[in-house]
Amino acid sequence: GDSVTQMEGPVTLSEEAFLTINCTYTATGYPSLFWYVQYPGEGLQLLLKATKADDKGSNKGFEATYRKETTSFHLEKGSVQVSDSAVYFCALRSNFGNEKLTFGTGTRLTIIP
Amino acid sequence: DAGVTQSPTHLIKTRGQQVTLRCSPKSGHDTVSWYQQALGQGPQFIFQYYEEEERQRGNFPDRFSGHQFPNYSSELNVNALLLGDSALYLCASNLARERSATNEKLFFGSGTQLSVL
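For the protein sequence lines, the chains are F and D, in the order given. Its first residue numbered 1, the first sequence is counted upward by one per residue in the numbering used here. Its first residue numbered 114, the second sequence is counted upward by one per residue in the numbering used here.
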């Protein structure tokens, strides 16, 4: 079945550091891939997505590239801010009439000033 | 424009009881999905409702049931509560005709925190 393996946290970085959160997946066919962010006390928010191989999703300085050959969708940001502190979830959705999102376990990111 | 709203925000029940959680989708959305998020885990898909019918179901027992009303709002019911049902229950909504479109976006509510004692 579908699964997402996500870099375990927590991750603590200094402001302006480079961020990478690793995500690999197992799925049949060619799934759509997502990164969601959950700020304290809030619901999940879509951060970015990619729907086919070699697509790059980007938003708010974050980027992730759909790598079919390595079944990966790593999240990167060149210079993190304190406001980026949150829990980040990698997720996929199979494209065979499947409605559900399959999530990774989440990575808690803390940015210190 | 209100987003996805869920009620109540917190709930405490005892084992064996039944619970009903409520969700109002974002204005204009017609599809509602429910997820269970245990502490320290990612959300897990329970089921999705569209046109007042269950469209797809995840790997959850029949104790979990749902309903969608003509105004697209939805309820999640859990019977015979177990300690392991303690979790954050998330509702998400979207517009069915945007499914798979490049601008498709799923909106999540803030969730209902259920504690089973």
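Among the hints, erroneous ones may be present.
Each computed BS3-like pair below joins lysine-lysine, with the alpha-carbon atoms no more than 27 angstroms apart [stated by the list, open to error]:
#1 D/Lys218 / F/Lys60
#2 D/Lys218 / F/Lys56
#3 F/Lys60 / F/Lys77
#4 F/Lys68 / D/Lys218
#5 D/Lys126 / F/Lys52
#6 F/Lys77 / F/Lys52
#7 F/Lys56 / F/Lys77
#8 F/Lys68 / F/Lys52
#9 F/Lys77 / D/Lys126
#10 F/Lys68 / F/Lys56
It is worth saying that the hints were derived from the structure and are not from the lab.
Hint check results:
In summary, the hint linking D/Lys218 to F/Lys60 is supported, as the alpha carbons are separated by about 16 angstroms, within the 27 angstroms threshold. Between D/Lys218 and F/Lys56, the direct Cα distance comes to roughly 17 angstroms. Compliance with the 27 angstroms bound is thereby established for this hinted pair. Between F/Lys60 and F/Lys77 the alpha-carbon distance is near 9 angstroms, which keeps this suggested pair within the 27 angstroms criterion. Among the hinted pairs, F/Lys68 with D/Lys218 is consistent with the structure: their alpha-carbon atoms are about 23 angstroms apart, no more than 27 angstroms.
Taken as a hint, the D/Lys126 and F/Lys52 pair is broken in the structure, with Cα atoms around 44 angstroms apart against an allowance of 27 angstroms. At roughly 21 angstroms between alpha-carbon atoms, F/Lys77 and F/Lys52 fall within 27 angstroms of each other, so this suggested pair holds. Annotation: proposed proximity of F/Lys56 to F/Lys77 holds, straight-line Cα distance about 13 angstroms (limit 27 angstroms). A C-alpha spacing of about 8 angstroms is found between F/Lys68 and F/Lys52, which places the hinted pair at or below 27 angstroms, so the restraint holds.
Straight-line distance between C-alpha atoms of F/Lys77 and D/Lys126 comes to about 42 angstroms, which puts the hinted pair past the 27 angstroms bound. Restraint check for F/Lys68 and F/Lys56: satisfied, since their Cα atoms lie roughly 12 angstroms apart, inside the 27 angstroms limit.
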